[in-house]
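S.K.: Sequence:
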Amino acid sequence: MAQLPPLPPFPRRRPTPVLDTPPPPPPRVAEPPPLPPLPPVPPAVPLPGLVPDFCARPVSYASLPRW
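Counting from 1 along the sequence shown, just add 43 to a position and that's the residue number in this note's numbering.
Some hints could be false.
Stated by the list, open to error - DEER-style ranges, computed between Cβ atoms: (1) S106 / P76: 52 to 62 Å; (2) L107 / P83: 32 to 42 Å; (3) V84 / L107: 33 to 43 Å.
Please keep in mind that the hints were generated in silico from the structure rather than gathered at the bench. These numbers were taken from a predicted model, which means no experiment stands behind them. Note that CB positions come from ideal geometry on N, CA and C, so glycine has one too.
Could you build the full structure based on these sequences and the hints that come with them?
M.R.: So this is what it looks like as structure tokens:
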């Protein structure tokens, strides 16, 4: 089995320069204007016959149709 050549030396990281002044603060973002109040919600009106009320009475599996 052939011997691999040695790897080159890993480059060293340069030291981070020390800044004399702190970095400037990030720019301020203007706050959006407040949202207008929502209109009042009308009271719920039950629509008979459109949506069955499954919570009115318990339903047994025997009463369900067999497919």
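S.K.: Would you mind marking each hint as holding or not holding in the structure?
M.R.: Hints versus structure:
Taken as a hint, the range 52 to 62 Å holds for the pair S106 and P76, whose Cβ atoms sit roughly 56 Å apart. A beta carbon spacing of about 40 Å between L107 and P83 agrees with the range 32 to 42 Å that was offered as a hint. Between V84 and L107 the beta carbon distance is about 35 Å. The supplied range of 33 to 43 Å therefore holds.
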